[in-house]
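A.B. asks: Take a look at the letters that make up each chain.
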Amino acid sequence: MPRVAIASASSSQFTKESGKSIFELACEPSIKVLLESGIGKQVDAVLVSTCATDQYSSTIVSEMLGIKPKVSHRVDNLCNSGTNAIASAYSLIASGLCESALVVGVEKATSAGNRLVWDLTRGSFNFPVHWASMFARAHMRRYGTTEEQMAQVSVKNHKNAAKNPNALFRKPVSLHDVMNSKKIADPIKLLDCSAPCDGASAVLLFSEKKAKKTEEPVWINGIGQQTNGASFASAGDLTELDTARKAAKEAYSMAGIKPSQVDIAELHDAFTILEIIAYEDVGFAPRGKGGRFVDQDEIAINTRGGILGCGHPVGATGVAQVTEVALQLQGRAGKRQVGGCRTGIVHNLAAAGSSATVMVLGV
Amino acid sequence: MESEFTQHLKQGEFRIPVCTKCGKKAWPPSSTCSECYSRTALKKVSNRGVLVEFATSHLRGHEGVFGIVQMDGFRLVGSFESADLSEGMDVRMIECGMKDGTPYYLFAPEK
Numbered sequence: 003m004p005r006v007a008i009a010s011a012s013s014s015q016f017t018k019e020s021g022k023s024i025f026e027l028a029c030e031p032s033i034k035v036l037l038e039s040g041i042g043k044q045v046d047a048v049l050v051s052t053c054a055t056d057q058y059s060s061t062i063v064s065e066m067l068g069i070k071p072k073v074s075h076r077v078d079n080l081c082n083s084g085t086n087a088i089a090s091a092y093s094l095i096a097s098g099l100c101e102s103a104l105v106v107g108v109e110k111a112t113s114a115g116n117r118l119v120w121d122l123t124r125g126s127f128n129f130p131v132h133w134a135s136m137f138a139r140a141h142m143r144r145y146g147t148t149e150e151q152m153a154q155v156s157v158k159n160h161k162n163a164a165k166n167p168n169a170l171f172r173k174p175v176s177l178h179d180v181m182n183s184k185k186i187a188d189p190i191k192l193l194d195c196s197a198p199c200d201g202a203s204a205v206l207l208f209s210e211k212k213a214k215k216t217e218e219p220v221w222i223n224g225i226g227q228q229t230n231g232a233s234f235a236s237a238g239d240l241t242e243l244d245t246a247r248k249a250a251k252e253a254y255s256m257a258g259i260k261p262s263q264v265d266i267a268e269l270h271d272a273f274t275i276l277e278i279i280a281y282e283d284v285g286f287a288p289r290g291k292g293g294r295f296v297d298q299d300e301i302a303i304n305t306r307g308g309i310l311g312c313g314h315p316v317g318a319t320g321v322a323q324v325t326e327v328a329l330q331l332q333g334r335a336g337k338r339q340v341g342g343c344r345t346g347i348v349h350n351l352a353a354a355g356s357s358a359t360v361m362v363l364g365v
Numbered sequence: 160m161e162s163e164f165t166q167h168l169k170q171g172e173f174r175i176p177v178c179t180k181c182g183k184k185a186w187p188p189s190s191t192c193s194e195c196y197s198r199t200a201l202k203k204v205s206n207r208g209v210l211v212e213f214a215t216s217h218l219r220g221h222e223g224v225f226g227i228v229q230m231d232g233f234r235l236v237g238s239f240e241s242a243d244l245s246e247g248m249d250v251r252m253i254e255c256g257m258k259d260g261t262p263y264y265l266f267a268p269e270k
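Line order of the protein sequences matches chains A and B.
Reminder that position 290 of the first sequence reads as 292 in my numbering, one-by-one numbering, no gaps.
Reminder that position 36 of the second sequence reads as 195 in my numbering, one-by-one numbering, no gaps.
Bound conformation, chain A alone (with noise of 0.2 Å):
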């Protein structure tokens, strides 16, 4: 199969309310990889990925970029709306149904679209911290994970977002802080969630033909997804995500790599416990010592401040992640660059990880 590359990728600054619009929005990151990469406008695929409920969003966008696409869409998946976008721009590219794709996430703390409604399974309890505090309820009682072990991720991800300009959150925070903040669900404190936000990240896709002329093209080797259904009634085991683990094991498949070979990763962390179950599930920790695991430093991961530092623009979040793994492979990833890597991944869920998706990423 054809291969395809990023060839360049940005993100605006997270804040609290922008003030913006979601077109506003979605264009900053969109003008800096188009200048980037010397493309200009002649781009063939707009994809955009949102939970808001704007119609005709992309096209919106693409007038207002001076871009006359070939195909233009709008994505939407929840919180792995992101890494849905990029797969299907990959898809168009690889077909030969287009040269170049520009995937824009973009998000408002406000978006009607953030939170799932449909799920009358989870009664009055339908926040995600409800989810979240039972899969953390149930890796506790099941392997021993402890509430420390889960701040201690908060604390990891704070200081990662510290040396991020675009991250909503740039002030550390300790395991004191983390401990004693507000608790939201038994075992879930306040700083072991990550917060909505406005936002928006921008990837520029290439075929491979096109990006062998770039100056550093990021190979999208591997893509692996999984979706086993919209209501929490749907999850099955609470100690690890199905979804994940499918998506995981068909994207290193395809890469034809091993866990053990990748330098650096973004675990979808929109709860601590995520990152926990997240080591499990992409096969860095052995089942249930995901815990143990938050102290190792072979692997750089969530160097941008993840979800939990840098804020949940939800449709904007997988592109973001893609986004910081293309520019550590590139080098350019500033103050917060993890030296020598070759291989990464990404790890991108939605709605209590009812849907998954794993992109390998290599130069």
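Because the hints were derived from the structure by calculation, they are not lab data.
Remember, predicted model here, so these are calculated numbers, not experimental data.
Each residue gets a CB set at the ideal place from its N, CA and C atoms; glycine is no exception.
Worth double-checking, as some hints may not be accurate.
Unchecked claim - Some chain B residues well away from chain A (every beta-carbon gap over 10 Å; in silico):
no., residue
1, Glu194
2, Glu212
3, Glu240
4, Glu246
As the list claims (entries may be wrong) - Covered, in the sense of this in silico footprint (three residues per stretch, anywhere, with C-beta under 8 Å from a C-beta of chain B), are these stretches of chain A:
no., stretch
5, 113–125
6, 283–295
What the hints assert, rightly or not - Here are the in silico distance ranges between beta carbons for each label pair:
no., chain 1, residue 1, chain 2, residue 2, range
7, A, Met181, B, Asp249, 46 to 56 Å
8, B, Pro268, A, Gly333, 50 to 60 Å
9, B, Gly220, A, Gly258, 30 to 40 Å
10, A, Gly333, B, Cys195, 39 to 49 Å
11, A, Lys215, B, Arg198, 22 to 32 Å
12, A, Val119, B, Ser190, 27 to 37 Å
13, B, Ala267, A, His75, 40 to 50 Å
14, B, Asp249, A, Lys337, 47 to 57 Å
Use these hints to put chain B onto chain A, whose structure you have.
C.D. replies: Frame of chain A; chain B shown alone:
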């Protein structure tokens, strides 16, 4: 079907759609069976289940004890009046309804 489900729920009746052909429970409520694509019809089902996990919510407007309950062939998140619970215990739905447009399913441990 979803509205028919909530209509009954409003009156405190827990009836869920069951496939008229293969008998599979359609949960979350749906007018079509996801197994054989036949129509479903509301049926009264057992109110007994097993508590899988539980926690206490302090979220403003959503305070209280809640837990995942494994019913016969489906799962839901129920509320409880006390945290004097343990995983794996037998529980029973004692009340259900709609409050501020959101369903609630109140459970208690089996005596």
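A.B. asks: Each hint: holds or not?
C.D. replies: Structure-based check of all given hints:
Every C-beta of chain A lies more than 10 Å from that of Glu194/B, the closest at about 13 Å, which supports listing it as non-interface. The beta carbon of Glu212/B sits about 5 Å from the closest Cβ of chain A, which is not more than 10 Å, so the claim that it is off the interface is violated. Its beta-carbon lying about 13 Å from the closest one in chain A, Glu240/B satisfies the requirement of being farther than 10 Å from that chain. With a closest Cβ-Cβ approach of about 7 Å to chain A, Glu246/B is found to fall inside the 10 Å limit, against its non-interface label.
Counting residues of the stretch 113–125 of chain A whose CB lies closer than 8 Å to any CB of chain B gives 6, so the stated coverage by that chain holds, three being the minimum. Counting residues of the stretch 283–295 of chain A whose C-beta sits closer than 8 Å to any C-beta of chain B gives 0, which falls short of three, so the coverage hint is violated. Take Met181/A and Asp249/B: their Cβ atoms lie about 35 Å apart, and the range 46 to 56 Å is violated. At roughly 59 Å, the beta carbons of Pro268/B and Gly333/A sit within the given window of 50 to 60 Å.
For Gly220/B and Gly258/A, the Cβ-Cβ distance of about 50 Å falls outside the hinted range of 30 to 40 Å, so the restraint is violated. At roughly 55 Å, the beta carbons of Gly333/A and Cys195/B sit outside the given window of 39 to 49 Å. Between Lys215/A and Arg198/B the CB atoms are about 57 Å apart, so this pair departs from the stated range of 22 to 32 Å. One distance hint, 27 to 37 Å for the beta-carbon pair Val119/A and Ser190/B, is violated here, with the actual separation near 18 Å.
Between Ala267/B and His75/A the Cβ separation comes to about 49 Å, which falls inside the hinted range of 40 to 50 Å. The given range of 47 to 57 Å is respected by Asp249/B and Lys337/A, whose C-beta atoms sit roughly 56 Å from each other.
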